[in-house]
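Chains as they are written, first to last, in the working numbering: chain V, 1 to 213; chain X, 1 to 213; chain Z, 1 to 213.
There could be a bad hint or two in this list.
The calculated label-pair distances, taken between Cβ atoms and stated as ranges, are [to be verified]:
# : chain 1 : residue 1 : chain 2 : residue 2 : range
1 : V       : Glu150    : X       : Ala83     : 30 to 36 angstroms
2 : X       : Arg35     : Z       : Asp204    : 55 to 61 angstroms
3 : X       : Pro208    : Z       : Ser187    : 53 to 59 angstroms
4 : X       : Pro208    : V       : Leu86     : 49 to 55 angstroms
5 : Z       : Ser187    : X       : Ala79     : 38 to 44 angstroms
Here chain X is said to cover these stretches of chain Z; the calculated rule only asks that three of the stretch's residues, wherever they fall, bring their Cβ under 8 angstroms from a Cβ of chain X [to be verified]:
# : stretch
6 : 70 to 77
7 : 125 to 131
8 : 181 to 195
The calculated lysine to any residue pairs, modelled on SDA-like cross-linking and capped at a C-alpha distance of 25 angstroms, are [claimed, not checked]:
#  : chain 1 : residue 1 : chain 2 : residue 2
9  : Z       : Lys98     : X       : Leu209
10 : V       : Lys98     : V       : Trp202
11 : X       : Lys98     : Z       : Lys98
12 : X       : Lys98     : X       : Ala180
13 : Z       : Lys98     : V       : Val39
14 : X       : Lys98     : V       : Leu209
Honestly, the hints are just simulated from the structure, not real lab data. Yeah, the Cβ is synthetic: ideal placement off N, Cα and C, and Gly gets one too.
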Amino acid sequence: MEIIDTWGPWLRHVLELAATLAFTLSGVMVAARSRLDAVGVYAVAFVAAFGGGTLRDLLLDQRPFFWVRHVEYLWGVLALTTAAMLFMRQRHFEPTEKIIQLPDALGLGLFAAVGVDVASAAGMPALVAVLMGVVTPVFGGVLRDIVCNEIPTAFRDHRPYALCAFLGGWVYLGMEALGAPEWATLSGTVAITAGLRILALWRDWRLPLWQVH
Amino acid sequence: MEIIDTWGPWLRHVLELAATLAFTLSGVMVAARSRLDAVGVYAVAFVAAFGGGTLRDLLLDQRPFFWVRHVEYLWGVLALTTAAMLFMRQRHFEPTEKIIQLPDALGLGLFAAVGVDVASAAGMPALVAVLMGVVTPVFGGVLRDIVCNEIPTAFRDHRPYALCAFLGGWVYLGMEALGAPEWATLSGTVAITAGLRILALWRDWRLPLWQVH
Amino acid sequence: MEIIDTWGPWLRHVLELAATLAFTLSGVMVAARSRLDAVGVYAVAFVAAFGGGTLRDLLLDQRPFFWVRHVEYLWGVLALTTAAMLFMRQRHFEPTEKIIQLPDALGLGLFAAVGVDVASAAGMPALVAVLMGVVTPVFGGVLRDIVCNEIPTAFRDHRPYALCAFLGGWVYLGMEALGAPEWATLSGTVAITAGLRILALWRDWRLPLWQVH
Chain V
1 MEIIDTWGPW LRHVLELAAT LAFTLSGVMV AARSRLDAVG VYAVAFVAAF GGGTLRDLLL
61 DQRPFFWVRH VEYLWGVLAL TTAAMLFMRQ RHFEPTEKII QLPDALGLGL FAAVGVDVAS
121 AAGMPALVAV LMGVVTPVFG GVLRDIVCNE IPTAFRDHRP YALCAFLGGW VYLGMEALGA
181 PEWATLSGTV AITAGLRILA LWRDWRLPLW QVH
Chain X
1 MEIIDTWGPW LRHVLELAAT LAFTLSGVMV AARSRLDAVG VYAVAFVAAF GGGTLRDLLL
61 DQRPFFWVRH VEYLWGVLAL TTAAMLFMRQ RHFEPTEKII QLPDALGLGL FAAVGVDVAS
121 AAGMPALVAV LMGVVTPVFG GVLRDIVCNE IPTAFRDHRP YALCAFLGGW VYLGMEALGA
181 PEWATLSGTV AITAGLRILA LWRDWRLPLW QVH
Chain Z
1 MEIIDTWGPW LRHVLELAAT LAFTLSGVMV AARSRLDAVG VYAVAFVAAF GGGTLRDLLL
61 DQRPFFWVRH VEYLWGVLAL TTAAMLFMRQ RHFEPTEKII QLPDALGLGL FAAVGVDVAS
121 AAGMPALVAV LMGVVTPVFG GVLRDIVCNE IPTAFRDHRP YALCAFLGGW VYLGMEALGA
181 PEWATLSGTV AITAGLRILA LWRDWRLPLW QVH
């Protein structure tokens with residue numbers, strides 16, 4: 001069990017890298033749908049992958065940024081973007097909106113878990129920690145969609161998105177309060193957040209629209 | 001008089017809270033007009049209420065952020081947004097553009113005064129302090145309108161908006177230089193900034209448009 | 001030679017001021033084309049001139065910001081914007097897209113050189129330094145175009161823009177590694193970045209668009 005207990009910080013790294021790569025993929029796909037040029041595809045991949053985490057580090061005053069501490073993340077996103085572009089062109093792969101939602105939902109869960117984890121480790125109050133878990137994935141996706149000149153998914157499809165991260169954040173804090181080890185808390189948050197989002201898409205759950213009458 | 005002299009810091013708090021709540025209300029109303037879903041309404045209320053002050057704290061390197069020091073602000077915005085949504089649905093209250101302008105003008109004056117005050121207390125040069133008084137209210141409103149997918153009011157209606165905050169900022173610095181107590185400086189700036197904006201709306205003052213010929 | 005060797009820091013200042021003024025001019029021209037009101041013109045000039053450098057300083061954790069250390073930059077932009085507006089109105093000067101591209105290309109080269117230089121002096125890894133040289137000019141231009149409600153030039157015209165700054169950044173690091181003095185490295189980067197951009201416009205080089213079939 002002792003070995004598993006020290007998994008925590010290491011697991012956070014793995015999850016953050018996975019989140020970064022998932023959002024890179026979603027960025028490449030959205031850029032491909034928007035018919036951007038090659039430089040535009042890299043730009044979208046970068047803002048999707050690093051936008052949310054950078055805002056989180058700014059708001060939590062965590063320096064240096066995670067992509068300065070781990071320059072290999074930057075190279076990883078460069079390499080994955082290049083590989084994904086070449087693969088998609090060779091296979092004539094046309095990403096549909098459905099396929100894009102998969103890496104997007106995965107990245108949502110991963111970034112939400114890492115976001116709450118970083119904020120909680122920095123000693124933030126509960127509500128601030130949960131909001132960091134919401135901001136980290138949502139901001140990257142919003143930047144990605146704005147650069148592609150689309151209305152952000154988070155605001156357009158009326159199925160729960162930020163809400164999944166919000167609920168996942170409280171699950172994290174609940175498990176932490178109950179004394180669960182960090183690896184369980186982290187993976188539980190990823191599973192619940194991404195699972196809720198996928199369920200919402202599959203079951204077509206819709207948030208109530210504002211209606212005055 | 002001694003009692004009144006120590007009002008300064010306390011008054012800044014009250015004004016900041018009032019500004020946050022005024023912009024929350026304007027956010028809920030703009031979101032209602034844009035027919036966002038429930039999560040969208042909260043998102044708009046939050047960016048409107050906290051966007052400008054966060055940018056100000058970032059630019060002035062003031063940490064922790066005001067909403068980390070005062071988590072009750074976050075809860076307050078959550079509660080007011082919920083209450084406003086329920087009230088507006090129950091009363092079938094349809095916010096017109098005119099009604100939205102009232103909390104918006106009030107928030108403009110309040111955030112302008114607090115912005116100059118914080119920057120001035122941080123020892124910024126005069127022009128930087130005045131620009132902080134402009135940036136604090138304007139940025140929150142711009143974010144609010146962008147999230148609602150509207151052209152920001154600050155750019156669209158050609159009636160003075162940022163200009164009122166700019167003039168109010170110089171009034172603040174002038175009163176401070178003349179040795180006026182903080183409570184008078186703060187409330188004078190609020191009154192002049194919000195008053196100018198309301199006058200501009202009421203009298204339909206218009207800024208000169210760019211015309212080449 | 002000793003005199004020339006101490007040119008480095010001084011030259012960086014001159015280049016940064018020149019970059020700020022070049023982007024101010026491009027901002028005024030884009031704002032004029034968009035028929036903004038007078039306050040809008042100032043707003044666009046300010047975000048164009050200071051947006052990129054502020055993001056760079058934020059990401060590199062350089063405080064105080066360059067416009068707090070040098071308040072004369074703020075006054076300079078105020079003065080140049082006023083002068084340019086008066087001049088353009090008096091001469092009935094209607095800026096064409098072609099003319100706007102000139103200060104824009106110049107600012108691109110200048111901000112790219114200063115960006116890499118600042119990041120490199122702050123001890124950043126190579127890829128981070130190069131990306132700072134890309135972000136500094138691109139972000140200011142993107143903000144400028146967003147405020148004017150246009151699709152950013154960097155994404156719209158499919159001619160190399162960010163790519164020129166990216167290549168210029170590697171030239172900087174290459175010359176630095178070869179032991180070239182700072183003045184040569186800086187001016188070489190400006191010349192290559194701005195030169196590439198102007199060549200790209202003149203020769204109508206186009207980036208490959210994403211094409212699946």
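These are the hints, each one checked on the structure:
1. Glu150/V - Ala83/X: 30 to 36 angstroms: Given range 30 to 36 angstroms: holds, Cβ gap about 33 angstroms.
2. Arg35/X - Asp204/Z: 55 to 61 angstroms: Violated, since Arg35/X and Asp204/Z (Cβ atoms, about 44 angstroms apart) do not stay within the stated range.
3. Pro208/X - Ser187/Z: 53 to 59 angstroms: Violated, since Pro208/X and Ser187/Z (Cβ atoms, about 41 angstroms apart) do not stay within the stated range.
4. Pro208/X - Leu86/V: 49 to 55 angstroms: Once the Cβ atoms are compared, 53 angstroms apart, the range 49 to 55 angstroms for Leu86/V and Pro208/X holds.
5. Ser187/Z - Ala79/X: 38 to 44 angstroms: 58 angstroms, violated
6. 70 to 77: Holds, because 3 residues of the stretch 70 to 77 of chain Z bring their Cβ atoms closer than 8 angstroms to Cβ atoms of chain X.
7. 125 to 131: violated (count 0)
8. 181 to 195: Violated: only 0 residues of the stretch 181 to 195 of chain Z have a Cβ under 8 angstroms from chain X.
9. Lys98/Z - Leu209/X: Holds. Lys98/Z to Leu209/X sits at ~23 angstroms (cutoff 25 angstroms).
10. Lys98/V - Trp202/V: 10 angstroms, holds
11. Lys98/X - Lys98/Z: 41 angstroms, violated
12. Lys98/X - Ala180/X: It is violated: about 35 angstroms lies between the C-alpha atoms, which goes past 25 angstroms.
13. Lys98/Z - Val39/V: Measuring from Cα to Cα gives roughly 22 angstroms; hence the hint holds.
14. Lys98/X - Leu209/V: 23 angstroms, holds
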